Amino acid sequence: MAKELTAKIKLQCPAGKATPAPPVGPALGAHGINIAGFVKEFNDRTRDQMGLIIPVVISVYKDRSFDFILKSPPAAVLLKKAAGLDKAAGFVGHMIVGSVTRAQVEEIVEIKMSDLNARDVAHACRIIEGTARSMGIEIKG
Amino acid sequence: MAATGRQQRVGGDRDWRIAQVSQRSKSPTRVMSIARTWIEVRVTVPDGWGELVASLFADSPFTGVAYGSSSLESKAASAGSGHLRTYVPLSHDSEELRASIRTRLDELSALVGVEELQNLPIRFQTLPAEDWANSWKSTWKPFRCGNLAVIPRHFEGDLRASDIPMRLDPGGVFGTGRHATTRTILLMIQGRLQGGERVLDAGTGTGILACAAALLGASDVLGFDIDPGASSHFAELMDQNGVAHASQFREGGFEVLGESDTGYDVILANIYADIIVEHVAGLVSRLAPRGWVAFSGCHRAHADDVREALSGAGLVIEEERARGLWHTFVAKRK
Chain A
68 MAKELTAKIK LQCPAGKATP APPVGPALGA HGINIAGFVK EFNDRTRDQM
118 GLIIPVVISV YKDRSFDFIL KSPPAAVLLK KAAGLDKAAG FVGHMIVGSV
168 TRAQVEEIVE IKMSDLNARD VAHACRIIEG TARSMGIEIK G
Chain B
371 MAATGRQQRV GGDRDWRIAQ VSQRSKSPTR VMSIARTWIE VRVTVPDGWG
421 ELVASLFADS PFTGVAYGSS SLESKAASAG SGHLRTYVPL SHDSEELRAS
471 IRTRLDELSA LVGVEELQNL PIRFQTLPAE DWANSWKSTW KPFRCGNLAV
521 IPRHFEGDLR ASDIPMRLDP GGVFGTGRHA TTRTILLMIQ GRLQGGERVL
571 DAGTGTGILA CAAALLGASD VLGFDIDPGA SSHFAELMDQ NGVAHASQFR
621 EGGFEVLGES DTGYDVILAN IYADIIVEHV AGLVSRLAPR GWVAFSGCHR
671 AHADDVREAL SGAGLVIEEE RARGLWHTFV AKRK
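Order-wise, the sequence lines are chains A and B. Residues 68 to 208 (our numbering) are what the first sequence spells out, left to right. Residues 371 to 704 (our numbering) are what the second sequence spells out, left to right.
If you're looking for bench data, these hints aren't it; they were derived computationally from the structure. Since this is a predicted model, take the numbers as computed values, not measurements. The beta-carbon is built from N, C-alpha and C at its ideal position, and this holds for glycine as well. Please note: incorrect hints may appear among the correct ones.
[Said to hold, decoys possible] Listed below are the simulated DMTMM-like cross-link pairs for lysine to aspartate or glutamate, each with C-alpha atoms no more than 20 Å apart in a straight line:
| no. | chain 1 | residue 1 | chain 2 | residue 2 |
| --- | --- | --- | --- | --- |
| 1 | A | Lys138 | A | Asp115 |
| 2 | B | Lys702 | B | Glu625 |
| 3 | B | Lys511 | B | Glu465 |
| 4 | A | Lys148 | A | Asp187 |
| 5 | B | Lys511 | B | Glu485 |
| 6 | A | Lys138 | A | Glu205 |
| 7 | B | Lys704 | B | Asp635 |
| 8 | A | Lys84 | B | Asp644 |
| 9 | B | Lys704 | B | Glu688 |
| 10 | A | Lys207 | A | Asp182 |
| 11 | A | Lys77 | B | Glu410 |
| 12 | B | Lys511 | B | Glu486 |
| 13 | A | Lys138 | B | Glu688 |
| 14 | A | Lys84 | B | Asp429 |
| 15 | A | Lys77 | B | Asp417 |
| 16 | A | Lys77 | B | Asp429 |
| 17 | A | Lys148 | A | Glu173 |
| 18 | A | Lys75 | A | Asp115 |
| 19 | A | Lys138 | A | Glu177 |
| 20 | B | Lys511 | B | Glu526 |
| 21 | A | Lys84 | A | Asp134 |
| 22 | A | Lys84 | A | Asp115 |
| 23 | A | Lys207 | A | Glu177 |
| 24 | A | Lys75 | B | Asp417 |
| 25 | A | Lys148 | B | Asp429 |
| 26 | A | Lys207 | A | Glu174 |
| 27 | A | Lys138 | B | Asp417 |
| 28 | B | Lys702 | B | Asp635 |
| 29 | A | Lys148 | A | Glu205 |
| 30 | A | Lys84 | B | Asp501 |
[Stated by the list, open to error] A few chain B residues facing chain A, derived, Cβ under 8 Å:
| no. | residue |
| --- | --- |
| 31 | Ala428 |
| 32 | Thr433 |
| 33 | Val435 |
| 34 | Leu460 |
| 35 | His462 |
| 36 | Leu481 |
| 37 | Leu497 |
| 38 | Pro498 |
| 39 | Ala605 |
All chains, full assembly: derive it from the sequences and hints.
This is how it looks when you write it as structure tokens:
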């Protein structure tokens, strides 16, 4: 018998380093979810991606059990990786700290397309390009 | 019960049917949490632009992002938009920070050139101080795991004659015994512990396995954990259960074990699979000739690695159980 779904919660947490602190605690606590259980399992499943922020969608069931699926890393993380940066500009648009090529943007769009909730590819491109600009990353080509 | 295949279902786990609320995890990587005040920053974002806005909150002092309605409110955003929430510790909150968030959002709108991103509504809310790691345990109820009855300190219900009570208040971040990994290993060590054993518990956390071993007759239990918060929980648990005299805690990782820490009859560990794989050989060297190990916390994705590591370290798997995604092993020296 299928379990009755009561909530879907989407979070972004650091791979291998989630803790019960916000955003996990407030998001899961009110649903009576075993926060420690989520933290342990999330960290276990994402340990090999340490250093990345991982979006996760948690399904909460009526019996307060849960499961979750991991999504592709946020565009900001992929852009930093593509640009070879440890850290992006601290303040929007004030400083150019790196660059990516148009081809790299398209690659990221491809990775992210199913998770972006974008209306179409053009919209997805604008999201990725906007993210890049907000981080001080130029798009070349 | 001897292992007859790759997996065996856990059976005989009598239980007071209660809420699924707690678990322990004895990962040396976890952090004890304390109540702390947080500022919730909620931005209402048009559909489809959530991730772009979230990118502004990717780094410190923001601690991550949650999408959708907060657990503290039932009102969803209006149609065509959604809430995005991030959090800042109160100690990092300032007028400058709040102003910079507004500036960032305005600049983002200008950079992307999207009109619907202009003047996004922002709400700052101070969350009441709450120990999120523990507050969810308020519905904690007693449960049985084999003959072990895990009960809150002030439990006044009836126990069966065969029950071995373990008094345990919700306390540490992890460690109330309900997680599959803990329950399974607790079941598997019952019947194997005969009394009088020397036991080592690697990554003991709040000390549930160590305490259970002592309650089941072990004469001497050593637990260690890198989490500095574990020490007080361990001591409290042992004290509550009258086994403090038989237990000892060391703060640190595997390096806390000295040359004289050998000859253990039983070694327990409920930690991540990769840590077991890395340290199993060293642990086996501390095992008495007829000693055995019980390892839990192995995600099924890593079960093959653990089997291989146990075999490579000179152990024979006597029993393996799977519960949910987690595998637990009991193994003896060849």
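**Prompt:** Quick one, are lysine 75 of chain A and aspartate 417 of chain B close enough, alpha carbons at most 20 Å?
**Reply:** 17 Å, holds
**Item:** Given hint aspartate 187 of chain A paired with lysine 148 of chain A - CA-CA distance at most 20 Å
**Value:** 24 Å, violated
**Prompt:** Can the restraint linking lysine 138 of chain A and glutamate 177 of chain A be considered satisfied, given a maximum Cα separation of 20 Å?
**Reply:** Measuring from Cα to Cα gives roughly 13 Å; hence the hint holds.
**Request:** Identify whether the interface hint at threonine 433 of chain B stands, where standing means a beta carbon of chain A within less than 8 Å of its own.
**Result:** 6 Å, holds
**Request:** Starting from lysine 84 of chain A, check that the Cα of aspartate 501 of chain B is at most 20 Å away, please.
**Result:** Given pair lysine 84 of chain A, aspartate 501 of chain B holds - Cα atoms ~18 Å apart, limit 20 Å.
**Request:** Assess, step by step, whether the Cα of lysine 77 of chain A is no farther than 20 Å from the Cα of aspartate 429 of chain B, and give holds or violated.
**Result:** The given pair, whose Cα atoms are some 18 Å apart, holds under the 20 Å limit.
**Item:** 20 Å limit on alpha-carbon distance, applied to hinted pair lysine 77 of chain A and aspartate 417 of chain B
**Value:** With Cα atoms ~14 Å apart, lysine 77 of chain A and aspartate 417 of chain B stay inside 20 Å; holds.
**Item:** Distance restraint between lysine 704 of chain B and glutamate 688 of chain B, which requires alpha-carbon spacing of 20 Å or less
**Value:** 10 Å, holds
**Asked** Given the proposed pairing of lysine 138 of chain A with glutamate 688 of chain B, does the C-alpha separation stay at or below 20 Å?
**Response** At roughly 38 Å apart (the allowed maximum being 20 Å), glutamate 688 of chain B and lysine 138 of chain A break the hint.
**Prompt:** Straight-line Cα separation of lysine 207 of chain A and aspartate 182 of chain A no greater than 20 Å?
**Reply:** With a Cα-Cα distance of about 25 Å, the restraint between lysine 207 of chain A and aspartate 182 of chain A is violated, given a limit of 20 Å.
**Item:** Restraint outcome when leucine 481 of chain B is required to lie within 8 Å of chain A by C-beta distance
**Value:** Check passed: Cβ of leucine 481 of chain B comes within 4 Å of chain A, closer than 8 Å.
**Asked** Does aspartate 115 of chain A lie within 20 Å of lysine 138 of chain A when you go C-alpha to C-alpha?
**Response** This hinted pair holds, its Cα atoms lying about 14 Å apart.
The structure fails hints 2, 3, 4, 5, 6, 10, 12, 13, 18, 34, 35, 38 and 39 (numbered hints given earlier, in ascending order).
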